[in-house]
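Here the protein sequences come in this chain order: A and B.
Heads up: the first sequence begins at 0 in numbering that gives the first Met the number 0, then just goes up one per residue.
Heads up: the second sequence begins at 0 in numbering that gives the first Met the number 0, then just goes up one per residue.
FYI, nobody ran anything at the bench for these hints, they're computed from the structure.
Do not rely on the hints blindly, as some may be mistaken.
[Said to hold, decoys possible] Simulated coverage check for chain A against chain B, where a stretch passes if three residues somewhere in it have a Cβ under 8 Å from a Cβ of chain B:
| # | segment |
| --- | --- |
| 1 | 78 to 88 |
| 2 | 173 to 182 |
| 3 | 231 to 237 |
| 4 | 367 to 375 |
Ideal Cβ positions, reconstructed from N, Cα and C, are used throughout, including at glycine.
If you want the building blocks of each chain, they are given just below.
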Amino acid sequence: MSRPRTRTLVAVAVCLVLLAAVVAAVRLTGGWTGSVTVLANWSGAEREQFERAVRPFEEEHRIDIVYQGSSALSQVLAADLAAGTQPDVALLPGPGELTAYAAEGRLEPLDGLFEAGDYGGVWVPKVAGGDGRKRTYWLPVKAGLKSMVWHGGELSGAGIGRAAGEPGRWCVGMESGATSGWPGTDWVEDILLQQAGPEVYAQWANGRLPWTDPRVRKAWRTWGDLVGAGDRSRVDRLLQDDFARDCSRRNLEHLGSFRDSHWKPLAGDFVHSAEVIPGAREGAAHWEVSGDLAALLNATDEAKKLIRFLADPETRLPDFTAHRRAAAPDGPEDAPRRRIGSILRGAERRLCWDASDTMPPALRDAFHQAVLRFLVAPGELDARLRELEDMSVDRRPTLPVCGGG
Amino acid sequence: MNTTERDLVRRLWVLLSLAVVSTLVLFGAYRGVHDDTVPLASSSAPGILAVDTARNAVQRAHAAVDGSGTPPDATGDFHTQISVAHQSIAVAASENVAGPADRHTLKTITGLITVYSAWVEQAGQEEDASLRAAFLHYAERGRDDIVERLDELQERWLAVAREQASFPWPLWLGWGAVAVLGLALCGALVEAQWFARRRFRTAVQPWLLAATVLWAGWSAVLGWFTVRAQRAMGDSLAALRGVRSAEEIPEAGANVERYMADAGFWASLSGWVLVGGVVLMVLTVSGLGPRISEYRFRGQR
Numbered sequence: 000m001s002r003p004r005t006r007t008l009v010a011v012a013v014c015l016v017l018l019a020a021v022v023a024a025v026r027l028t029g030g031w032t033g034s035v036t037v038l039a040n041w042s043g044a045e046r047e048q049f050e051r052a053v054r055p056f057e058e059e060h061r062i063d064i065v066y067q068g069s070s071a072l073s074q075v076l077a078a079d080l081a082a083g084t085q086p087d088v089a090l091l092p093g094p095g096e097l098t099a100y101a102a103e104g105r106l107e108p109l110d111g112l113f114e115a116g117d118y119g120g121v122w123v124p125k126v127a128g129g130d131g132r133k134r135t136y137w138l139p140v141k142a143g144l145k146s147m148v149w150h151g152g153e154l155s156g157a158g159i160g161r162a163a164g165e166p167g168r169w170c171v172g173m174e175s176g177a178t179s180g181w182p183g184t185d186w187v188e189d190i191l192l193q194q195a196g197p198e199v200y201a202q203w204a205n206g207r208l209p210w211t212d213p214r215v216r217k218a219w220r221t222w223g224d225l226v227g228a229g230d231r232s233r234v235d236r237l238l239q240d241d242f243a244r245d246c247s248r249r250n251l252e253h254l255g256s257f258r259d260s261h262w263k264p265l266a267g268d269f270v271h272s273a274e275v276i277p278g279a280r281e282g283a284a285h286w287e288v289s290g291d292l293a294a295l296l297n298a299t300d301e302a303k304k305l306i307r308f309l310a311d312p313e314t315r316l317p318d319f320t321a322h323r324r325a326a327a328p329d330g331p332e333d334a335p336r337r338r339i340g341s342i343l344r345g346a347e348r349r350l351c352w353d354a355s356d357t358m359p360p361a362l363r364d365a366f367h368q369a370v371l372r373f374l375v376a377p378g379e380l381d382a383r384l385r386e387l388e389d390m391s392v393d394r395r396p397t398l399p400v401c402g403g404g
Numbered sequence: 000m001n002t003t004e005r006d007l008v009r010r011l012w013v014l015l016s017l018a019v020v021s022t023l024v025l026f027g028a029y030r031g032v033h034d035d036t037v038p039l040a041s042s043s044a045p046g047i048l049a050v051d052t053a054r055n056a057v058q059r060a061h062a063a064v065d066g067s068g069t070p071p072d073a074t075g076d077f078h079t080q081i082s083v084a085h086q087s088i089a090v091a092a093s094e095n096v097a098g099p100a101d102r103h104t105l106k107t108i109t110g111l112i113t114v115y116s117a118w119v120e121q122a123g124q125e126e127d128a129s130l131r132a133a134f135l136h137y138a139e140r141g142r143d144d145i146v147e148r149l150d151e152l153q154e155r156w157l158a159v160a161r162e163q164a165s166f167p168w169p170l171w172l173g174w175g176a177v178a179v180l181g182l183a184l185c186g187a188l189v190e191a192q193w194f195a196r197r198r199f200r201t202a203v204q205p206w207l208l209a210a211t212v213l214w215a216g217w218s219a220v221l222g223w224f225t226v227r228a229q230r231a232m233g234d235s236l237a238a239l240r241g242v243r244s245a246e247e248i249p250e251a252g253a254n255v256e257r258y259m260a261d262a263g264f265w266a267s268l269s270g271w272v273l274v275g276g277v278v279l280m281v282l283t284v285s286g287l288g289p290r291i292s293e294y295r296f297r298g299q300r
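Modelling step: build the complete structure from the supplied sequences, incorporating the hints.
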């Protein structure tokens with residue numbers, strides 16, 4: 000048998016190398032190397048913004064981000080956890096549910112994945128995990144400012160005050176899918192914060208102040224007067240109105256910084272809610288804040304990479320960020336956005352979590368329901384508050400509700 | 000090597016080369032069509048119909064509690080329809096139907112159905128007319144969200160089914176090449192038969208004849224199965240398209256099942272294409288090999 004000639008061997012080797020190169024090229028240019036499932040409550044423009052923000056991550060790491068957004072986030076996540084099919088990363092609005100999940104040992108710690116010092120203490124507190132050790136369990140991905148009253152821009156301070164006294168001048172809508180009622184809870188919380196101050200507010204949020212306390216009752220009554228609770232024809236409408244419906248520039252709206260996109264084309268601006276809330280403390284300057292917090296439920300390498308990417312100040316995430324090193328919006332048309340950004344990141348202001356976002360889910364849902372019922376029958380407020388107090392008696396982990404930003 | 004031996008060897012190599020190329024091209028073209036028949040029958044179609052069933056069930060559930068201004072009541076029909084919706088989503092979310100991304104969507108829809116049911120039940124228990132109307136309104140918005148997501152999912156799966164049932168240009172090219180190569184191979188076999196008949200004064204070379212009949216028949220049968228599969232997939236796609244009432248879904252499912260009843264059998268034949276190619280080559284070598292050996296023997300003598 001003759002030995003294969005050198006030329007033949009070279010030809011075979013070249014073919015093998017070419018084949019390997021083709022396989023490697025196909026693998027590198029096509030197909031994902033992994034995936035991360037993400038659950039959040041963003042839909043519409045927010046979802047598109049998030050998907051646009053993570054596209055560079057997908058392209059760089061060849062990791063597919065499988066996103067699902069729904070207002071039924073809590074229900075979906077609870078069912079997923081019970082079935083053991085949880086997403087890799089969940090983005091929850093507020094720390095209440097996450098604190099409970101961390102205590103149950105359902106969350107993976109994020110220590111070492113990002114620099115907690117890049118955020119104010121209120122955004123990234125250390126909380127107890129399943130083993131009782133205190134660690135970082137969430138990353139604020141999107142920050143929202145509340146305690147804001149949006150207006151058309153041409154109203155003076157006195158004009159805003161006068162308009163605030165007429166229930167018909169307020170744009171209020173309670174409909175928001177699974178979480179219908181939250182715009183009302185935001186109102187009550189903010190009024191309590193501005194009237195009673197951050198200490199009372201934090202005690203109440205953490206279950207250390209009864210719902211039946213006169214200061215809490217006063218906050219409810221103030222809200223009822225502002226929006227016209229009990230006025231059937233008005234209440235019927237606002238119960239069914241979408242929380243993000245169009246609001247005319249001659250009216251006022253008590254919603255957070257996410258409404259910037261609605262008010263910007265109307266040349267709108269905002270004032271601190273303390274300027275229009277009757278009975279607000281002198282010099283009240285505390286802001287309610289909310290945030291979508293990313294938590295790790297499956298500590299896969301891909302999911303950890305995503306957390307690092309989300310913590311990168313260069314990542315253009317939806318709305319506002321609490322990251323101290325992130326670029327601030329610029330341009331003359333961005334004046335309200337600049338103010339919002341500086342308040343969210345500024346250490347000189349005091350920020351307090353949206354209280355209902357720090358409450359256990361069952362209590363938070365009952366709070367949503369209670370505001371709907373209060374609008375219809377303000378005379379039954381005491382019964383509502385007693386029901387909430389009954390639900391609130393169980394001990395729950397204490398969170399730093401207010402902080403120095 | 001004399002002229003006849005050289006001619007015989009050349010014909011053998013031509014025939015073997017054509018057999019190899021024809022077999023591989025036929026294998027590729029056949030797989031190109033039939034690799035999609037089983038997924039269409041066992042994944043896409045059941046998934047699309049399950050989503051359809053879930054959507055119809057949610058709409059019927061809402062119709063049961065939203066009747067002509069009477070107080071909404073969580074009736075038995077409502078619970079039955081919600082149960083149907085959950086079961087259908089479980090079918091759609093099963094491993095062989097949905098990929099991870101679609102399962103993620105279906106889990107979210109399950110959560111939304113739970114929230115929707117809760118609003119309906121609350122509306123049923125509520126005595127205050129304003130709150131009852133509001134809760135029912137929230138339920139309605141929830142239903143719209145569920146239906147919208149199911150529609151999106153179904154549209155995505157229909158696009159997959161359309162792709163599976165399509166016959167794109169690479170397949171036209173493949174089957175065109177199968178026809179040309181098949182004709183060339185059969186022509187070369189007939190020519191070899193003719194050559195052997197003239198040189199060796201035999202009426203017929205049985206092995207070469209068998210090879211010709213095998214390849215012509217085998218290609219025709221596989222081509223026919225492919226036409227049938229393509230037609231079945233087209234009919235199935237037509238049955239899956241459009242809006243169906245709840246009553247029409249079982250009929251659509253039965254039709255797809257009937258059209259695609261032989262899909263598994265058709266797909267299982269792809270391995271036999273290669274076996275057929277090997278048999279073809281064995282028959283060719285059996286037909287020409289002894290004649291070449293004969294000449295080699297004569298040459299050595």
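| Which of the numbered hints are not met once you compare them with the structure shown? | none
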